[in-house]
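*Asks:* Those protein sequence lines, which keep their order, are chains A and B.
Note that this note's numbering numbers the first sequence so that position 31 is 31, with each residue one more than the last.
Quick note: to get this note's numbering, add 159 to the position in the second sequence (first position is 1).
Wrong hints could be hidden among the right ones.
[What the hints assert, rightly or not] So, partial list: chain A residues that the calculated Cβ filter (under 7 Å) puts toward chain B:
1. Ile59
2. Val64
3. Gly84
[What the hints assert, rightly or not] From the derived model, a few chain B residues whose C-beta atoms are all more than 10 Å from chain A:
4. Ala178
5. Ile187
6. Lys217
7. Ala224
8. Gly242
9. Ala260
10. Phe264
11. Pro303
12. Ala308
13. Gly314
Hints are computed from structural coordinates only; laboratory data are not their basis.
Quick reminder that beta carbons are idealized off the backbone N, C-alpha and C, glycines included.
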Amino acid sequence: MEKINKLLGNVIVVLACRLVLGTMFLIAAVPKILDPNAFAVAVDNYHFLPTILVNLWAIVLPWVEVVVGVLLILGPEPEKPLDGLMQAGALLSGLMYISFLIALGWALAHDLDIGCGCFDPQGADSIDLWYLLRDSLLLAASAIVLFYHRSLDSRSNAN
Amino acid sequence: MRRNWRILLTAAVLVAVTAVWAIAFNAIRPEGIPLLRPQATDNGEGGDGKVLTLARAKRLYDEGAVFVDSRSPEEYAAGYIQGARLLYYMHAAQDWEKVMADIDFTAAIVVYCSGEGCNSSYLVANQLEDVGFENVYIFDGGWPQWAAANYPLVGQPAVEPKLYEIE
Chain A
1 MEKINKLLGN
11 VIVVLACRLV
21 LGTMFLIAAV
31 PKILDPNAFA
41 VAVDNYHFLP
51 TILVNLWAIV
61 LPWVEVVVGV
71 LLILGPEPEK
81 PLDGLMQAGA
91 LLSGLMYISF
101 LIALGWALAH
111 DLDIGCGCFD
121 PQGADSIDLW
131 YLLRDSLLLA
141 ASAIVLFYHR
151 SLDSRSNAN
Chain B
160 MRRNWRILLT
170 AAVLVAVTAV
180 WAIAFNAIRP
190 EGIPLLRPQA
200 TDNGEGGDGK
210 VLTLARAKRL
220 YDEGAVFVDS
230 RSPEEYAAGY
240 IQGARLLYYM
250 HAAQDWEKVM
260 ADIDFTAAIV
270 VYCSGEGCNS
280 SYLVANQLED
290 VGFENVYIFD
300 GGWPQWAAAN
310 YPLVGQPAVE
320 PKLYEIE
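Whenever a hint applies, use it, and build me the whole structure from the sequences.
*Replies:* Okay, here's the thing in structure tokens:
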């Protein structure tokens with residue numbers, strides 16, 4: 001009984017993580033796709049990526065956010081060899097948050113007075129520690145989704 | 160372990176497919192941006208199309224092109240290309256009408272910012288094109304290249320220039 005409760009709790013927690021992450025990605029991606037130039041400016045303001053790569057990042061990242069957001073919300077479970085689709089989405093989600101954390105940490109370390117570019121590419125809100133906390137929590141949520149589904153796999157493989 | 164690799168591979172394929180789609184979509188949409196941020200080379204006549212080298216920017220300047228500074232009012236106040244008008248990129252959508260009120264839509268316009276690593280000139284140039292200006296160029300070398308070449312500029316003005324002042 002306790003195990004079932006635990007599993008149920010996990011299922012709900014994992015589902016919540018997926019929905020929150022997925023929704024965040026979709027909300028974040030739309031303005032970036034609508035105005036790629038503004039997002040490129042926001043990325044460039046970090047002075048982190050080499051200039052030549054800024055536009056490529058600004059073009060591709062929002063679409064990866066869309067794909068990952070849709071995967072996390074829908075949670076598809078296709079057959080082999082695509083059975084890792086959901087986990088791949090969670091993995092990419094985690095990698096994106098790691099990159100965001102690095103960029104935010106860079107901006108804070110260099111005392112850059114720039115907009116985050118996280119949700120509104122033209123937003124002028126300054127980066128502070130709250131952004132780091134938020135992205136750390138979302139990174140943790142990505143890890144929960146990734147590892148929960150991996151543990152499910154090992155269980156079903158054992159049976 | 161094989162499963163871990165499969166997840167990694169799936170993630171890589173997802174990114175690759177998404178990247179192809181994103182790049183293709185960017186290429187056909189009107190708001191698309193250059194795939195690789197153009198780097199103007201300062202070798203005289205090079206620099207194709209809209210992105211100008213220093214030499215081409217200077218030639219347009221001598222021909223009477225309108226220069227637009229997309230940097231912040233503070234940066235503008237510290238020095239700008241002589242005759243350039245300030246159109247801060249964060250306010251460009253609201254301010255362009257006021258700043259460009261006397262400019263014909265067919266006039267040659269050169270937008271610049273703080274040189275290597277700044278992208279706001281692209282943003283402002285796009286906005287000016289969106290509202291109907293037909294000949295908008297970007298001077299990628301921007302303020303530092305211009306200043307280093309000793310071309311006409313207003314530097315460290317004694318009185319802080321009024322916003323949108325026209326020399």
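*Asks:* Now look at each hint and say whether the structure bears it out.
*Replies:* Okay, the hints, checked on the actual structure:
| no. | hint | result |
| --- | --- | --- |
| 1 | Ile59 | holds (5 Å) |
| 2 | Val64 | holds (5 Å) |
| 3 | Gly84 | holds (4 Å) |
| 4 | Ala178 | violated (5 Å) |
| 5 | Ile187 | holds (12 Å) |
| 6 | Lys217 | holds (23 Å) |
| 7 | Ala224 | holds (22 Å) |
| 8 | Gly242 | holds (25 Å) |
| 9 | Ala260 | holds (23 Å) |
| 10 | Phe264 | holds (20 Å) |
| 11 | Pro303 | holds (14 Å) |
| 12 | Ala308 | holds (21 Å) |
| 13 | Gly314 | holds (24 Å) |
Violation of the numbered hints given earlier is confined to hint 4; every other hint is satisfied by the structure.
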